[in-house]
Amino acid sequence: MSVTVPADRASAFRVEIRKLPAFFRRDFLVAWSYRLSFFSDWIGLLVQVVIFSFVGKLVNPAKIPSFAGQQATYMEFVAVGIALSSFMGIALGRVYAVVRQEQVQGTLESLLLTPTAFTTIQMGSVAYDMAYVPVRTTLFFAMTTLLFGTHFYWSGLLPTFAILAGLIPFVWGLGILAASYTVTFKQGTGVVGLFTTILTVGSGSYFPVTVLPSWSQGLAKLSPLTLALNAARGAMLGGTGWDGVWPAVAILAGCASVTLTGGMIAFRAALARERRRGSLGLY
Amino acid sequence: MDTAHAEEATATRHEAPAIEVRDVSRRFGGRRALDHVSLRVAPGEIHALLGPNGAGKTTLLRIMTGLTDADSGQVVLQGVPGRDPTSRETRGLIGLVPSGDRTFYLRISGLENLLFFARLHGLRKRSALGRARACLRDVGLEEAAAIPVGQYSHGMQKRLGIARALLTDPRLLFVDEATHDLDPGGAILVRELVGRAAANGAAVVWTTQRIEEIRGFAGDVTLLGEGSVRFQGTVPQLLASTEATRFLIQLRADGVGASEVLERGVLALEGLGLLAPVGVEDPSHFVLELSDGVVLGRAAAALQGVGLDVVACREERSDIEAAFILLTMGERG
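Chain order of the listed sequences is A and B.
Position 275, counted from 1, in the first sequence is what the working numbering calls 275; the numbers after and before it change by one each time, with no gaps.
Position 280, counted from 1, in the second sequence is what the working numbering calls 280; the numbers after and before it change by one each time, with no gaps.
Incorrect hints may have been included.
Chain A is nowhere near these chain B residues, computed Cβ spacing over 10 Å in every case [said to hold, decoys possible]:
#1 GLY54
#2 SER72
#3 LEU96
#4 LEU106
#5 ASP254
#6 LEU267
#7 ASP282
#8 GLU289
Pairwise CB distance ranges, derived in the manner of DEER restraints [to be verified]:
#9 A/LEU46 / B/GLN151: 32 to 38 Å
#10 B/SER72 / A/ALA165: 31 to 37 Å
#11 B/VAL287 / A/ARG277: 45 to 51 Å
#12 B/GLY130 / A/ASP8: 26 to 32 Å
#13 A/SER33 / B/SER87: 55 to 61 Å
Hint data in this document are derived by calculation from the structure and do not stem from the laboratory.
Backbone N, C-alpha and C define an ideal beta-carbon position, used for all residues, glycine too.
Chain B on its own, in the form it takes in the complex (with noise of 0.2 Å):
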């Protein structure tokens, strides 16, 4: 289904956006916390906000719902130039899940918050109370409707952030950090639940550090790193931008030892890379680190050369969480 979204979201991400960002700035006292960013999410798009700890994602995300004013620049949502964010019309729009633990009142049921926050997006309390049932349902919690919040784990505030957003199917979705500390059956359950809100047509902001989540789940990334854009485009353009030099491959070679292939391999790789075994539990994967501008293929064949096969192989860290790394190098030392 995720797979499937993004290839969607992808042919969507040319018809008019739902947001945009245009060259907002913004510092807090000297340091510059957004530097002339500018992106554009159409409806039905999940934007993926990628970046590390301060690249100014939450401080994006927050200009974009009214809750901070940029220095300069503007956020034109739903195609109207100048419409105030902070208006209660735009605010009918949008849908927040924030990254805090602390936005319910904790003394009162996860149903009883649902239930006031649909009465204050304007449903009458019929209809608010069947909304709080079946958000409560989407996200697993009908059993814990009763419990007061306080006593919900984590995970479960999360999950009822997600519950609170998605309860009046908002067209604007702003997702921070949804999935930081989930499980991952709650995590994809959350990716689901968001997923199913952009094939309805919502334009969602997903901002993470996550990096794996976006692959198959965001059309369009964004990548900021100290409040400037380093990359932006789609997923696979992302992975496009790096190339892996780290590969975890299996070499066999019949009637010969672990160590023999080891020496065999070090010494056909001479000037193209460096192999190094795994651990001594396993001998029969190595770490491949290619030499610069040595392609894998050439790293292979010297292999085979040598009579040894390359039974497996893949890259010890993903394309992403590379391209995310030489991005963002800058700050990261």
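Chain A with its partners taken away, still in its complex shape (with noise of 0.2 Å):
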């Protein structure tokens, strides 16, 4: 019965590959069983994109840039911003969170006794949420059409699903640096809530960078965020499909590769840290 790890490395890829539905299953059940909080998140959403409408009365709709053409509403130029930001918070949240979780638990050091990859456990960790996201996508963006009379380009959806995905990897090598960070000092929420206000206020969820200081809509324009966003909001309300999705998303992957390599450094030197510390378990 004992286990052996494969070891050539496409056997024990499939067998971590094969965990990750365990990860998707137990954090299913752990939200569900929070019910309340888990119908409180709509209800939350609902009311943030109530609290935009009114903003958006008072917005000059000139002010508001065009997408190939298609002049935008304050509300569904938000939509979309408020889309893409609040999958940003949820999968920075909760890589980061995931690991402190663990440690109040007390389940961390259970989960790194078993013979499973960190990096299985970071992207487990995160699979219940990378498929919650797109489908509460959706729903958001129904929601905001059927209740506030937005128009969207449906056909831009999907492509808006790759630019999502083209986000996740990037997402969650900073997330990936946000737990270790809580690794090694045990709390990270003031950082991690203040790095991911200033990353979605900065690159224009909100409101256009154009409003932004001078100096700022330079640092606004290198930020992958603005990138996704811009290409988000062209498929969108500009119906620009698949056009310039790709480049976006080739951009991202560059980001991205920088993130993940000094995530994963950053995280096994926490690790590495903690146990010199022995203190991996405390919180």
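Hints in hand, dock the two standalone chains.
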């Protein structure tokens, strides 16, 4: 019965992939056990949309950029921003929080004692959210269309998912960096929250980057989230379809290789440090 | 079953060790947690790691399982020097029963928890489910399989911990205070399960403060005190390292009352030891404390010499407890 870890990389990879549904099942069961929280996420999203619909009444539509010649309303502009930034917030928060949660629950050491790669643990821990977020995004667009009469090019939905898929590894890398911080310093909520806010606000999630001070406009243009937002808005609001999606995904992949490599190095170093200090299970 | 296993384990302790700790030291800041500790555990052996609070037992266990690094020294698992205890291959061989309670996902059921960990050990869903159910049955939690672990009692969570450690029949089993806070029935069950794992060839390190439970259960013992090895050997050798001095004895003399039995006994034992009644409700039992260098036979002969029959006699405190206290006296003050 003792399970041996396959020696060849391909078999070992297959074994690791087979473990991902177990994480998905665990996290679904945990999420479902908090039914009120499960549904309050939707209520929170709806409240956010309502607030922005009022803000939209104060915004001069001429200030909103057009996409492929299509003039968007503020509500349409911000709906795509909310969809992507909440995805980023969930993904980043989840990768970071999973380590913290496992530490506090006392399950981190139990997990690390299984013959499972750190990468699998990290990937598995976001599997449920990564599956849930596209569903949430679709329903969110449908909800704003029904309630506020926004207009989206539904042909842009799949390209938007492709952009989200390109954004995942980038955000995941950032999340692992945040998780390393958590493993080492035990508390990271403030740092991660601040970083997420700066990134989402500074990337034009809620308003066009043209209203930012000129120095920060330059920084915003360098942000991978700005790139993802522009591509997604082009697809959903300008009806550009797949045009411009792949170049954006390619740039996001380059950014992801940096964050993922840095994240993995930092996470391994954090675990090694905690083993040396003997404080892996402390929180 | 326990005694048989202990004998078997003693016979196997000279085999190639499955777990070998070589000269391991570890400090936490200025505090020395482990000081040049070595031990060997053969396949099929239950090795008791004994010591008072803060002796370094859990630190050593964490070093053996790769959760904490040693400052110096080496842990050799399955005879492979330099094998990284944190490698996936090594982790596949290890089962750990941690001392803490909070090692499960409290919102999901015991069965779902075991299923999750079995899958992480690489079992496919069907065999993971079968194995999880079998392990729950073994630890007597079959009825509670569908209940969220957060609703389990402390003892149930301990048993679930045993079930998780045994999911894959590990070759190396580390058990940290598994019977702490368990009722006697639960403790016996846990010892039986661990004994069965050892009988199937697992090398077991059993950490405990409940020293009575290692008699007839463990093969070898390492007694730690302030991070140092205070004793290493078999349980009988541990017992031999101390002499009992306090006994509970039952005395009787035909036609003589309790107070006179005591009076005669005290006089007879002058220079040999002290005799005191256990209590007014039990007039025939006394506590006998021998003076230094006096053996029990001499005291018994003296009592018989004044017409007192020694009906029964047993140590007031167990040999093993006495050895524990004697060998770790330094840190107990």
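### Query
Hint by hint, which ones does this structure get wrong, listed from lowest number up?
Failing hints, ascending: 3, 4, 10 and 13.
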